[in-house]
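With these hints in hand, go ahead and build the complete structure from the sequences.
Chain by chain, the residues run as shown.
Number of protein chains: 2
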Amino acid sequence: MKRLKGTNEEIARILAEEQVALTQQNITVEATVREIIQDVSQRGDEALREYTKAFDGIEITDFRLSETAIQSAYNTIEPDVLAALKHAAANIESYHKQQMETGFEDQPVDGVIRGQLVRPIERVGVYVPGGTAAYPSSVLMNVIPAKIAGVKEIIMITPPQQTFNPAILVAADLAGVDQIFQVGGAQGVAALAYGTQTIPKVDKITGPGNIYVATAKKEVFGQVGIDMIAGPSEIGVIADETANPAYVVADLLSQAEHDVLARAILVTNSEKLADAVEIELEKQLKQLPRENIARPSVENNGRIIIAKDKGSMFALMNLVAPEHLEIAMENAYDYLDQVENAGSIFLGHYTSEPIGDYYAGTNHVLPTTATSRFSSALGVYDFIKRIQYTQYSKAAIHEAEKDITTLAYSEGLQAHAKAIEIRKD
Amino acid sequence: MKRLKGTNEEIARILAEEQVALTQQNITVEATVREIIQDVSQRGDEALREYTKAFDGIEITDFRLSETAIQSAYNTIEPDVLAALKHAAANIESYHKQQMETGFEDQPVDGVIRGQLVRPIERVGVYVPGGTAAYPSSVLMNVIPAKIAGVKEIIMITPPQQTFNPAILVAADLAGVDQIFQVGGAQGVAALAYGTQTIPKVDKITGPGNIYVATAKKEVFGQVGIDMIAGPSEIGVIADETANPAYVVADLLSQAEHDVLARAILVTNSEKLADAVEIELEKQLKQLPRENIARPSVENNGRIIIAKDKGSMFALMNLVAPEHLEIAMENAYDYLDQVENAGSIFLGHYTSEPIGDYYAGTNHVLPTTATSRFSSALGVYDFIKRIQYTQYSKAAIHEAEKDITTLAYSEGLQAHAKAIEIRKD
Numbered sequence: 007m008k009r010l011k012g013t014n015e016e017i018a019r020i021l022a023e024e025q026v027a028l029t030q031q032n033i034t035v036e037a038t039v040r041e042i043i044q045d046v047s048q049r050g051d052e053a054l055r056e057y058t059k060a061f062d063g064i065e066i067t068d069f070r071l072s073e074t075a076i077q078s079a080y081n082t083i084e085p086d087v088l089a090a091l092k093h094a095a096a097n098i099e100s101y102h103k104q105q106m107e108t109g110f111e112d113q114p115v116d117g118v119i120r121g122q123l124v125r126p127i128e129r130v131g132v133y134v135p136g137g138t139a140a141y142p143s144s145v146l147m148n149v150i151p152a153k154i155a156g157v158k159e160i161i162m163i164t165p166p167q168q169t170f171n172p173a174i175l176v177a178a179d180l181a182g183v184d185q186i187f188q189v190g191g192a193q194g195v196a197a198l199a200y201g202t203q204t205i206p207k208v209d210k211i212t213g214p215g216n217i218y219v220a221t222a223k224k225e226v227f228g229q230v231g232i233d234m235i236a237g238p239s240e241i242g243v244i245a246d247e248t249a250n251p252a253y254v255v256a257d258l259l260s261q262a263e264h265d266v267l268a269r270a271i272l273v274t275n276s277e278k279l280a281d282a283v284e285i286e287l288e289k290q291l292k293q294l295p296r297e298n299i300a301r302p303s304v305e306n307n308g309r310i311i312i313a314k315d316k317g318s319m320f321a322l323m324n325l326v327a328p329e330h331l332e333i334a335m336e337n338a339y340d341y342l343d344q345v346e347n348a349g350s351i352f353l354g355h356y357t358s359e360p361i362g363d364y365y366a367g368t369n370h371v372l373p374t375t376a377t378s379r380f381s382s383a384l385g386v387y388d389f390i391k392r393i394q395y396t397q398y399s400k401a402a403i404h405e406a407e408k409d410i411t412t413l414a415y416s417e418g419l420q421a422h423a424k425a426i427e428i429r430k431d
Numbered sequence: 007m008k009r010l011k012g013t014n015e016e017i018a019r020i021l022a023e024e025q026v027a028l029t030q031q032n033i034t035v036e037a038t039v040r041e042i043i044q045d046v047s048q049r050g051d052e053a054l055r056e057y058t059k060a061f062d063g064i065e066i067t068d069f070r071l072s073e074t075a076i077q078s079a080y081n082t083i084e085p086d087v088l089a090a091l092k093h094a095a096a097n098i099e100s101y102h103k104q105q106m107e108t109g110f111e112d113q114p115v116d117g118v119i120r121g122q123l124v125r126p127i128e129r130v131g132v133y134v135p136g137g138t139a140a141y142p143s144s145v146l147m148n149v150i151p152a153k154i155a156g157v158k159e160i161i162m163i164t165p166p167q168q169t170f171n172p173a174i175l176v177a178a179d180l181a182g183v184d185q186i187f188q189v190g191g192a193q194g195v196a197a198l199a200y201g202t203q204t205i206p207k208v209d210k211i212t213g214p215g216n217i218y219v220a221t222a223k224k225e226v227f228g229q230v231g232i233d234m235i236a237g238p239s240e241i242g243v244i245a246d247e248t249a250n251p252a253y254v255v256a257d258l259l260s261q262a263e264h265d266v267l268a269r270a271i272l273v274t275n276s277e278k279l280a281d282a283v284e285i286e287l288e289k290q291l292k293q294l295p296r297e298n299i300a301r302p303s304v305e306n307n308g309r310i311i312i313a314k315d316k317g318s319m320f321a322l323m324n325l326v327a328p329e330h331l332e333i334a335m336e337n338a339y340d341y342l343d344q345v346e347n348a349g350s351i352f353l354g355h356y357t358s359e360p361i362g363d364y365y366a367g368t369n370h371v372l373p374t375t376a377t378s379r380f381s382s383a384l385g386v387y388d389f390i391k392r393i394q395y396t397q398y399s400k401a402a403i404h405e406a407e408k409d410i411t412t413l414a415y416s417e418g419l420q421a422h423a424k425a426i427e428i429r430k431d
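From first to last, the protein sequence lines stand for chains A and B. Start counting at 1 in the first sequence, then tack on 6, and there's your number in this note's numbering. Start counting at 1 in the second sequence, then tack on 6, and there's your number in this note's numbering.
Relax, there's no trap hidden among the hints.
Within a straight-line C-alpha distance of at most 25 Å, the following computed BS3-like cross-link-like pairs (lysine-lysine) qualify:
id: 1; chain 1: B; residue 1: Lys278; chain 2: A; residue 2: Lys430
id: 2; chain 1: A; residue 1: Lys158; chain 2: B; residue 2: Lys316
id: 3; chain 1: B; residue 1: Lys92; chain 2: A; residue 2: Lys400
id: 4; chain 1: B; residue 1: Lys292; chain 2: B; residue 2: Lys8
id: 5; chain 1: A; residue 1: Lys278; chain 2: B; residue 2: Lys430
id: 6; chain 1: A; residue 1: Lys430; chain 2: B; residue 2: Lys289
id: 7; chain 1: A; residue 1: Lys103; chain 2: B; residue 2: Lys103
id: 8; chain 1: B; residue 1: Lys278; chain 2: B; residue 2: Lys8
id: 9; chain 1: A; residue 1: Lys224; chain 2: B; residue 2: Lys207
id: 10; chain 1: B; residue 1: Lys430; chain 2: A; residue 2: Lys289
Computed beta-carbon distance windows for the label pairs:
id: 11; chain 1: B; residue 1: Lys292; chain 2: A; residue 2: Glu405; range: 28 to 34 Å
id: 12; chain 1: B; residue 1: Gln113; chain 2: A; residue 2: Lys278; range: 31 to 37 Å
id: 13; chain 1: A; residue 1: Lys400; chain 2: B; residue 2: Ala96; range: 18 to 24 Å
id: 14; chain 1: B; residue 1: His404; chain 2: A; residue 2: Pro114; range: 50 to 56 Å
id: 15; chain 1: B; residue 1: Glu405; chain 2: A; residue 2: Arg70; range: 38 to 44 Å
id: 16; chain 1: A; residue 1: Lys103; chain 2: B; residue 2: His404; range: 22 to 28 Å
id: 17; chain 1: B; residue 1: Glu56; chain 2: A; residue 2: Glu23; range: 19 to 25 Å
id: 18; chain 1: B; residue 1: Asn306; chain 2: A; residue 2: Glu305; range: 58 to 64 Å
Hints are computed from structural coordinates only; laboratory data are not their basis. Note that CB positions come from ideal geometry on N, CA and C, so glycine has one too.
Written as structure tokens, this is what we have:
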């Protein structure tokens, strides 16, 4: 892992440069994706069938997955996996229920009512990748918050397979997906955004996917809402001399095994710990089945940042703004108020990050590449809308007339003023 | 205005087609904008000076607007405008304070703590257009919610002018802007996203602008957060036979005067009202100073939709999902529960939409082109982040071990499982 050491300003400059490089856009597939989207929006199912044959090598007559296929997945899923999914779903539900919002109303002066309604988004589409990146846990993480928000209809799409992973179908069913369609890629995203003869048009699309899926989501944004464009996974660990190097390394590697582009960043005020981590890293890497992914990941993107004191550890990690943040310190809870930017925080020596990936109930769909500076984990708040309302009585509007028309005239918008003045009579 | 009449399904189909046309992307300026952004991100202030000279025709040595310039605006602003801005600011503040969120924490089982922190975004950039589109009311609407959220630093940028509208500078000062820089266009957006020698890099950019500004915001999204890409203004009016046609028309025109692309849509169950509105429309249009804008707007984009009953009026308007929604009916408040999609609702015969533009305190930065299906008015919630946290004791992680490792192994992520298992010792 590359070691960074210096003043906070020097390290901050390097982190800022690295962050810009991370978010530079990949525009290579844009033209292809735009063509697919336009075609699907015009020709619907016919276009979908052609792209699915071309890209997935499968001829589909009916995109809709039958109720029988979903129910038979319960017969083939491993019982342990089924039990674990049920426990995880219960935890995700109990955590996210706390995010539910209600509206408000006030009457600031006589004759005036102001308020805010909270309404669920009506129909949501969830993209679930195929092949090895098909994670049942992600199905739960995307669907359960939507369900709690009160979304009326949840449509899932996933690329066609000869044999679907039963855990994916069971997770969808447990979480409350209403319909599943076997279609993927940019064509699947286009189908959700514009609707086809068989696939209903949705209001918002969530869920991860490859570069085609991510680019398609960006392109259809505006026509529908989208969640976020996720980058490679990241873990930041703040550790002092009390940390166990073996635990720290195991957690760094749990992110590094995802992807050669994943980032594992340790910030510590202890050079002794940094040295121990590097020795332990080599030891654990050799034992790892996915060493071929984790090794280039830590070698290219791994960082050990040496901070001069505890305050600097937090200041520098706030610049990293990691997706996952572990605080491997005694009394970690007491340092919560020093965290400004992070997707999800794991406190103390025993709260290993994979607890959050699968089990604790917090969401694992998180802002990457320093976007936790301005965005948050997927949550119930992503599946609702807030609608303002106002009511003025005749007396109240006359009371406010002078101020309103003064501003309207000063902005040169006479019809705005007129709409108030006409109500004098 | 074009009249639509038929079954709900027939009208729904037409509305869906119109909505797709509205959101089709304008990609003509993308290449230019990308070049400007890259140049500014690399050369900073030097590039800014060149673009400002080329596009605004002004040579700038110092982009920062002096404290003296801001204070002297108080001497030139009309006293009535100053008073109105102060009243509006107070209303905006009292409404938006109700949107403040707090975190939560629970202890679902022994040894487990889960929670959510709420943190303000650290630094926000607000874009304020120049020329005739410089609205002091928009400055208040963008800045006050950020301030309430607790944003530490608010940077405003606006294109350079020979003489700035004093109301813009006063509004910025009243609302709590920390620094103002005189730079606009895609180059200004790039400066906020990447930072230059004099302009600080921000975490999120809000505020309206022309096609260059909107495209630039879309391009830098990811590097920074953005609010929304606003389209032309819209008003939807639901009116029954109790509505006053003169009021309805005045309100339709208050949006139509904004822009030839603005949309004014009336949904009514009364053909008698529809006829009266068309007669009144011609009468009021002729008296309007901005007739040259409002007339093509209503002729091209105006719609009168005839609904067969009250339920259909709301069902069809929910498909329109208008930015502004007026309910011009007796007991309008009682119909709130029928609204699913709208940015801001104005209730009853006296609550004219311009009340919300300037005064009531609800936000006037609203989702357009049917995006209220999945998004909301600008609010305090746009200037905060929610950060999850979890703490598991040693006993609690052992309790959860089997479920977590079962899921990790089933997804083929061995390092995830290992990070849990290593904590046995």
